[in-house]
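The chain contents come next:
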Amino acid sequence: MVFSSIEFIFVFMPIFLCIYYLTPERFRNVCLLLGSLLFYGIGSAEKPEYILFFMASLMLNYLFGILIDKSHGKLWFPLGVATNVLYLVVCKYFLRVLPIGISFYTFQAISYLCDVHRKKCRAESSFLHYGVYLSMFPQLVAGPIVQFRDICHQIHKRTYNFHSILNGLRVFILGLGSKVILANRVGGLWSQLTAIGYESISTPLAWLGLFAYSFQIYFDFLGYSLMAIGLGSMLGFDLPVNFDNPYLSTSMTEFWRRWHITLGSWFREYVYIPLGGNQKGKLITYRNLFVVWLLTGIWHGASYNFVLWGLLLFVVITVERAGLKQFLDRYRILGHLYMLFLIPLSWAVFANTDWNQLQLFFGRLFGADNMVGYGFQGDFVKYGQEYGVYLLLCLLFVVKLPQKIWAKLQDTGLGQIVLVGIFAGSVYFLYKGINNPFLYYQF
Amino acid sequence: MKKRDLLFAKWFLSCFVLCAFILGVRYVKDYLENMDKTVFAKSTEQVYSSPEEGKQINVIEKQPETQSSAEPSEEAPIKQSEQSTEEQESQAQDTVSKEQEDAPKEETGRQEFFANALFIGDSRTVGLMEYGNIENATFFASSGMSVFSLNKKTVTVPGEGKLSFEEILERKQYDTIYLMLGINELGYRFERVEAQYNEILEQIKGAQGEAKIYLCANLHVTKEQSEKDCIFNNKNINRVNQMIEASADNERTYYLDVNVLFDDEEGNLSTDYSSDSFHVLGRYYTNWVDWIRQQD
Chain A
1 MVFSSIEFIF
11 VFMPIFLCIY
21 YLTPERFRNV
31 CLLLGSLLFY
41 GIGSAEKPEY
51 ILFFMASLML
61 NYLFGILIDK
71 SHGKLWFPLG
81 VATNVLYLVV
91 CKYFLRVLPI
101 GISFYTFQAI
111 SYLCDVHRKK
121 CRAESSFLHY
131 GVYLSMFPQL
141 VAGPIVQFRD
151 ICHQIHKRTY
161 NFHSILNGLR
171 VFILGLGSKV
181 ILANRVGGLW
191 SQLTAIGYES
201 ISTPLAWLGL
211 FAYSFQIYFD
221 FLGYSLMAIG
231 LGSMLGFDLP
241 VNFDNPYLST
251 SMTEFWRRWH
261 ITLGSWFREY
271 VYIPLGGNQK
281 GKLITYRNLF
291 VVWLLTGIWH
301 GASYNFVLWG
311 LLLFVVITVE
321 RAGLKQFLDR
331 YRILGHLYML
341 FLIPLSWAVF
351 ANTDWNQLQL
361 FFGRLFGADN
371 MVGYGFQGDF
381 VKYGQEYGVY
391 LLLCLLFVVK
401 LPQKIWAKLQ
411 DTGLGQIVLV
421 GIFAGSVYFL
431 YKGINNPFLY
441 YQF
Chain B
444 MKKRDLLFAK
454 WFLSCFVLCA
464 FILGVRYVKD
474 YLENMDKTVF
484 AKSTEQVYSS
494 PEEGKQINVI
504 EKQPETQSSA
514 EPSEEAPIKQ
524 SEQSTEEQES
534 QAQDTVSKEQ
544 EDAPKEETGR
554 QEFFANALFI
564 GDSRTVGLME
574 YGNIENATFF
584 ASSGMSVFSL
594 NKKTVTVPGE
604 GKLSFEEILE
614 RKQYDTIYLM
624 LGINELGYRF
634 ERVEAQYNEI
644 LEQIKGAQGE
654 AKIYLCANLH
664 VTKEQSEKDC
674 IFNNKNINRV
684 NQMIEASADN
694 ERTYYLDVNV
704 LFDDEEGNLS
714 TDYSSDSFHV
724 LGRYYTNWVD
734 WIRQQD
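Protein chains in written order, with our numbering: chain A, 1 to 443; chain B, 444 to 739.
It should be emphasised that the hints constitute simulated quantities derived from the structure, not laboratory data. One thing to keep in mind: the hints can contain errors.
On the chain A side, residues computed to face chain B include the following (Cβ under 10 Å) [said to hold, decoys possible]:
id, residue
1, 362
2, 365
3, 366
4, 423
5, 424
Straight-line Cα separation of at most 35 Å, DSBU-like style, residue types lysine-lysine; simulated pairs [unchecked claim]:
id, chain 1, residue 1, chain 2, residue 2
6, B, 648, A, 47
7, A, 408, A, 325
8, A, 432, B, 596
9, B, 453, A, 382
10, B, 446, A, 157
11, B, 453, A, 157
12, A, 157, B, 445
13, A, 47, B, 446
14, B, 472, A, 47
15, A, 400, B, 678
16, A, 404, B, 445
17, A, 280, B, 648
The C-beta atom is built at its ideal place from N, Cα and C for all residues, glycine as well.
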């Protein structure tokens with residue numbers, strides 16, 4: 001089940017929230033765990049075995065945590081981590097099955113085991129509480145990746161009130177709008193490009209499509225992060241921010257501290273620093289960076305283009321580290337220009353899992369003579385007109401201006417109307433898109 | 444409690460209840476009218492957030508190693524061959540340059556052939572218009588077109604502005620008319636679709652006394668799409684196509700089924716020719732046009 005869907009917004013969410021708020025405090029975690037499992041079950045309705053995988057992971061990791069705590073971890077810690085890594089790798093890269101949230105909950109499980117082993121927190125003795133940590137539905141599907149010690153206090157005790165619930169709802173609506181009104185709309189352009197086939201699109205259209213994809217991925221992820229935080233708030237949780245205007249970065253290094261922040265933190269905390277970080281000299285630092293970026297690429301997907309993507313990021317970040325970043329930080333306009341091209345080009349590698357398609361697409365971007373068949377001369381104009389408004393809107397929301405305006409607006413009556421309007425608009429677009437199985441694309 | 448919160452809560456709740464009511468009514472109405480379209484559908488979006496459900500933009504897994512080389516041939520459908528990338532690229536270039544050599548003769552022949560033709564249809568016909576390389580024909584087509592929306596829409600004709608369907612039929616006498624509609628109607632009651640299709644056919648026959656009318660079968664969808672969807676699948680498409688075939692009298696109206704060109708062995712749209720399950724890739728529209736020409 002996806003947050004931005006009619007069934008979630010009008011069926012699951014209201015029913016669950018009613019039950020949750022009416023439940024007395026001491027049973028709230030039970031309610032949350034059951035609700036999250038139900039959410040997971042509905043989402044995996046076609047592959048019910050995924051729930052079993054999840055439950056197995058849940059129970060095993062709970063046991064591992066206790067065993068590590070009790071026995072001072074010499075055996076159980078490596079065993080626990082290895083089990084999780086093996087589980088993730090086998091599922092994702094060999095069996096090619098993708099139980100919902102596997103990359104997220106496995107990383108959370110590993111972070112838990114590491115923290116228990118390093119004595120940063122006690123193992124959770126309550127299966128219920130551990131279950132809530134791993135399964136809570138706001139962050140189950142798409143993060144943020146929450147480290148156990150950041151949330152264990154809130155699992156035991158959290159409060160909310162009318163105001164915090166409404167604030168959570170406000171954030172949720174902003175996320176919903178970001179996803180449905182911006183990401184989904186502008187994403188239609190990239191879908192059309194792939195439907196036409198790269199060999200038949202003009203170079204200007206290739207660039208237009210690439211920028212559209214870059215916007216889609218941005219607002220998709222922003223939307224999802226906001227919806228997760230908003231839902232968490234409505235349940236009484238304070239989830240970490242995962243996204244901070246990343247397209248305003250002037251270097252790739254800065255970008256990855258603003259994009260998928262919790263993933264970066266996870267890699268830093270559990271891979272980079274244990275390997276020595278940047279404390280052991282230049283060569284070791286480069287090795288550590290290499291490992292982190294290789295793993296980041298692999299984490300994102302099971303095809304070779306993701307490995308390539310991760311390695312490209314490594315190269316860029318290493319070059320920046322060697323001095324380019326200082327230059328870009330000083331001359332910020334150049335930094336923005338640099339990122340203006342680097343971001344879409346890196347997404348181009350990310351977006352194409354097929355090697356031939358990747359080559360073909362880059363050929364189109366840089367004017368290679370690799371078109372096949374009769375090209376539609378007016379394609380850039382046609383799609384420019386069709387998507388122009390949405391692209392400009394996206395560009396507007398990438399910069400900080402709307403947020404500054406919103407900061408002033410959010411406490412006013414007008415601001416409340418705007419929020420309700422965004423909600424209504426999102427529901428309208430969801431409804432309109434619903435009857436088209438190929439989202440927003442009639443035949 | 445701030446006043447803003449109460450205000451927001453009130454308005455949001457009203458909006459929410461209103462939306463829920465409207466959606467509920469639609470759901471019940473659709474259900475009672477036996478429409479298979481429902482308010483809940485499988486969502487397939489989510490690009491970045493979840494690596495699992497991500498990458499849904501390219502729903503169809505492209506075949507990594509093999510690609511068909513599109514050699515236009517007489518009767519046989521386009522063959523698939525296994526080649527290394529280099530061979531493939533050079534062969535593609537050979538094919539293209541051969542096509543370019545033959546191009547001038549073919550070109551004029553093709554343009555003349557379709558000079559007085561009218562194409563009516565949905566986004567596949569738009570594809571023919573944009574990628575089929577027939578410049579002189581008239582096209583009344585748009586994404587989403589159906590037999591129900593045909594007379595309600597206007598389409599821009601270069602040089603003449605926006606015309607309605609009736610105006611398109613009245614503006615001149617065409618030699619050939621190609622009609623391809625049917626997929627956007629799936630999910631409506633079949634009898635209604637059949638009745639409306641025949642009504643449209645009568646309208647065309649009435650306005651175009653001399654034209655040869657080709658009733659085109661709807662393109663199949665890919666196997667994966669067909670298996671996962673209860674509305675947009677090949678069983679339903681074939682049912683509509685059979686109805687269309689029955690409407691052809693073989694004196695003025697003829698049935699054309701382009702699926703022979705693009706189908707796989709099981710009667711689904713081959714994934715060699717499509718990446719989005721519903722349309723052929725842009726490069727194959729010229730093959731489609733050539734095939735139409737050969738059917739005359």
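Results for each hint:
Hint status for residue 362 (chain A) relative to chain B: violated, with the closest Cβ pair at about 14 Å, above 10 Å. Residue-level restraint check for residue 365 (chain A) is violated (minimum Cβ-Cβ distance to chain B is 17 Å; threshold 10 Å). The criterion of a C-beta within 10 Å of any C-beta in chain B is not met by residue 366 (chain A), whose closest approach is roughly 16 Å, and the hint is violated. Checking residue 423 (chain A) against chain B by beta carbon gives a least distance of about 6 Å; that is within 10 Å, so the hint holds.
Because the smallest distance between the Cβ of residue 424 (chain A) and any Cβ of chain B comes to about 6 Å, under 10 Å, the interface hint for this residue holds. Restraint check: the Cα-Cα separation between residue 648 (chain B) and residue 47 (chain A) comes to about 51 Å, which exceeds 35 Å; the hinted pair is violated. Restraint check for residue 408 (chain A) and residue 325 (chain A): satisfied, since their Cα atoms lie roughly 34 Å apart, inside the 35 Å limit. Distance restraint check for residue 432 (chain A) and residue 596 (chain B): the Cα-Cα separation of roughly 19 Å lies within the 35 Å cut-off, and the hinted pair is therefore satisfied.
For a cut-off of 35 Å, the pair hint linking residue 453 (chain B) to residue 382 (chain A) is broken: about 43 Å separates their Cα positions. Restraint check: the Cα-Cα separation between residue 446 (chain B) and residue 157 (chain A) comes to about 28 Å, which is no more than 35 Å; the hinted pair holds. Distance check on the hinted pair: residue 453 (chain B) and residue 157 (chain A) sit about 29 Å apart at the alpha-carbon level, within 35 Å; holds. Distance check on the hinted pair: residue 157 (chain A) and residue 445 (chain B) sit about 25 Å apart at the alpha-carbon level, within 35 Å; holds.
Under the criterion of a C-alpha separation no larger than 35 Å, the hint pairing residue 47 (chain A) with residue 446 (chain B) is inconsistent with the structure, at around 47 Å. Taking the CA atoms of residue 472 (chain B) and residue 47 (chain A), the gap is near 31 Å; set against the 35 Å cutoff, the hint holds. The suggested pairing of residue 400 (chain A) with residue 678 (chain B) is violated, with an alpha-carbon distance near 51 Å, which exceeds 35 Å. The hinted pair formed by residue 404 (chain A) and residue 445 (chain B) meets the criterion: a straight-line CA distance of about 22 Å does not exceed 35 Å.
The straight-line distance between the Cα atoms of residue 280 (chain A) and residue 648 (chain B) is roughly 83 Å, outside the 35 Å bound, and the hint therefore fails.
Figure legend: structure checked against the earlier numbered hints; hints not met, in rising order: 1, 2, 3, 6, 9, 13, 15 and 17.
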